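Listed here are the chains, written in short residue letters.
There are 2 protein chains.
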Amino acid sequence: MFATVEERAVRGVTGVRKSYREVIDVSWGDPHRAGVKPLSFVRQVLAACLYPELMDGDKLMVDVKQRAQRLLGTCAGGSVGSYCATAGIPQILQSISQYIMRRDGGVPCHPENIYISPGSQWALTNILKVLVNSEASPRTGVLIPVPCHSTTIISLTTLGAVAVPYYLREERGWALEMEELQRALDSAKGVCNPVALYMINPGNPAGYVQSRKSIQEVIRFAAEKKLFLLADEVYQDCVYGKESEFVSYKRALAEIGAPLSDSVELASFHTASKGLMGECGLRTGYVELVNLDPAVMKHINNLFSTNSCPILGQIALDVMVNPPQPGDPSYPLYLKVRHFYLPASLAQNVRRVEEVINSFPDFSCQPLEGGAFAFPRVFLPPKAIERAKEAGLQPDTFYCLRLLEEAGVLFSPGTEYGQKEGTYHIRFCIMTPTDTMEEILRRLSAFHEQFMKEFS
Amino acid sequence: MFATVEERAVRGVTGVRKSYREVIDVSWGDPHRAGVKPLSFVRQVLAACLYPELMDGDKLMVDVKQRAQRLLGTCAGGSVGSYCATAGIPQILQSISQYIMRRDGGVPCHPENIYISPGSQWALTNILKVLVNSEASPRTGVLIPVPCHSTTIISLTTLGAVAVPYYLREERGWALEMEELQRALDSAKGVCNPVALYMINPGNPAGYVQSRKSIQEVIRFAAEKKLFLLADEVYQDCVYGKESEFVSYKRALAEIGAPLSDSVELASFHTASKGLMGECGLRTGYVELVNLDPAVMKHINNLFSTNSCPILGQIALDVMVNPPQPGDPSYPLYLKVRHFYLPASLAQNVRRVEEVINSFPDFSCQPLEGGAFAFPRVFLPPKAIERAKEAGLQPDTFYCLRLLEEAGVLFSPGTEYGQKEGTYHIRFCIMTPTDTMEEILRRLSAFHEQFMKEFS
Ligand SMILES: Cc1ncc(COP(=O)(O)O)c(C=O)c1O
Ligand SMILES: Cc1ncc(COP(=O)(O)O)c(C=O)c1O
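Protein sequences appear in the order of chains A and B. What the first sequence shows, in UniProt numbering, is residues 1 to 456, in sequence order. What the second sequence shows, in UniProt numbering, is residues 1 to 456, in sequence order.
Chain A extracted, bound-state conformation (with noise of 0.2 angstroms):
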């Protein structure tokens, strides 16, 4: 359906009132999309490794250079246009592990567990390759929130495995409940065998954070049943819940110590294109594999060997590991830059997209913690249902076409994601500059007032 609300978007298809000058889209999880700003010290960096004679003039801060200047050394031939080894280039791999060690208030992290790929998509699609086998009869389950990041769905079904779904608790705040985790089991019997359980943390669309509580609850039920943790752990650094705070399932797991520290099986993705930097352009993320079989990494390797990834997402990798800290000359500047967005932008944004959404009676948003994306619930009437239904669409889809030809706003239906039967949500990324955000709540505000009334 993106394709269709894309294509009328481009094509003004008609009936569109056009009372607005342009089309906003907030449909992707893609802040430079929406207007913010790449962080100067990643950019200077990756402009410094590709064309090293900036480096000769004083254009650019010391740091910045040395940092190129380090980074290029890691490169065969000391350039970027060089491949390198399939899993990723080894010191970028070491800094990565370093970060991961800090995260996790020093449990240990091994470079050698860790993959550099094009995307963390990308990872997580091989991963699944091993774990799903695409001609097992009964066929591989995957257990997946509702509402799930829609790729990782494609990616599911692409591959021949079950979706096997288990609600998130909406009126909870998405609260992700160990009966519901069960019931989801209970009801793959006889239909597929469940070999993983995907989690997304936080979360994407729905705006939660998980406890660090829920983690250890979700770690303990996957090892009495055997299944394999893949945890989507991308936007680690977009946590901004005044309560709320980023656990990773790997802490988690060593928290909670042998014997399960040392066997459950996990698999923990992250990327550039998300955290701070939201460089989606560059394609790089990775993955880190926790208690797995020797074999098994074996044929990860293998899986992992027919391409190398690209050389700038891993220096932006570095950067993202390893930003500018006090002292450094361009800390400062990071640190504005930074500090724009998150969290005293990006905040506002939140408030703002709580206050305005929750005004409305037939809207609800559950508080906004974490991730890129508000996905409130929109209380449809039976009429605008009854038109959608004719016209051969979902209800939400119904309703973020209508609010793209008349607001000019491009939103995602819920309809995308997965949602429980009979209700409506709506996706958009709150990673916007602020006067974005305020743009795209009037607008929307409008256009519900006007929908609402035109369905009564």
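All clues given are correct.
As the list makes no split between identical chains, a pair holds if one copy fits it or if it spans any two.
Lysine-lysine pairs mimicking DSSO-like chemistry, simulated, CA-CA at most 27 angstroms apart:
{"#": "1", "residue 1": "Lys-298", "residue 2": "Lys-129"}
{"#": "2", "residue 1": "Lys-65", "residue 2": "Lys-37"}
{"#": "3", "residue 1": "Lys-59", "residue 2": "Lys-37"}
{"#": "4", "residue 1": "Lys-420", "residue 2": "Lys-225"}
{"#": "5", "residue 1": "Lys-225", "residue 2": "Lys-129"}
{"#": "6", "residue 1": "Lys-37", "residue 2": "Lys-336"}
Since the hints were made in silico from the structure, they are not lab data. Fair warning: this is a prediction, and the values are worked out from it, not measured in the lab.
Add chain B with the ligands to chain A, keeping to what the hints say.
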């Protein structure tokens, strides 16, 4: 064995004589690794796109700025940090299709048949996924040349296909002969079900360039046998044989005319890793598909849909297919850098390699016409073969290891690419600065003489 040879290089295995100062690694097709300088126009455009502030000063030529500005305009939010459509940025697909049309003397090319991907190898693997049924019995076969680019062999094996070898005739400049293709096809009977024919033109590891006549024969053969043509044409810009000309499979197919030109299925691959720019680290290539069934195209579309590709690599592709033209401010510099390598510098390397290698009675190098490598045959003495076997090594691997240990030059052995039983080869990249090539030949000659004496 790569790992072994390299590991030894890195770890400095005992017994190494170390008469050299540093290891020269020409085992990859990676010009920057061997010291070739990147094209500054490419790097300037990329740096300007990454860090647009660079365009404020007068450091960059106006055509660099114009190109960067135009390409930034094709990125969502004007940033190379945004996601793009999974097939690639539409305007860049358009540039590529226009390039292909010019290359092929006007044969039509449609952007919707092109998919940009994170490296051409990734595209090839994806197309193979569609062609190979990994659970079929008999298994799916793909005809591959011997010698063959080693990653393709790995891709095929990982997918569960049978690689059916057809041997190129070394004595005739690695010619592809029709009787041999027929023999290969016959050899598959009862073993597998051949569905596709893979060619590399210009060659890797052997440096041949196929003639138009040879290509048309292959196409007719494929048509008759209902084989899908996989044309690995990544070295299309690397042709230096005096009598040689690159003719694309697509063009040759069009020239044959209907009904073949409307029915033979073809995939052709190209990449920013090769050609003059040699930007392997950007990991971006593309495939053009010709005459594919719409249902198959849909399936391929799905496979390419779980990942978009690096934006910076796409920008490099735009420059690759639209280099500076006479009259452009950057043209003189571009021409200078370009000519330094091609034809002047590379042609000199080619001449020297042929000269030096063929001056030894126990070496034989076919004329080098295109591609990035020399692949001479080495006639190893029985005693060396014996010694290798004692060490549990292939004879040419043994030779390469000794070359590395004693002369600090890293080649790869013919064993990795396939070769006629009882023949031995070595492969090395010829895209190096001329002085590096002189040093390589000097070290190789001294080592070779010594080695032959030792085992005579
Ligand atoms: C939960 C989640 N996982 C993975 C990804 C993919 O990230 P990448 O760009 O690294 O492939 C996304 C992108 O939006 C995401 O939201
Ligand atoms: C014949 C051939 N095909 C494909 C490739 C892979 O190119 P890419 O870097 O685009 O994946 C190579 C790389 O050496 C090659 O030699």
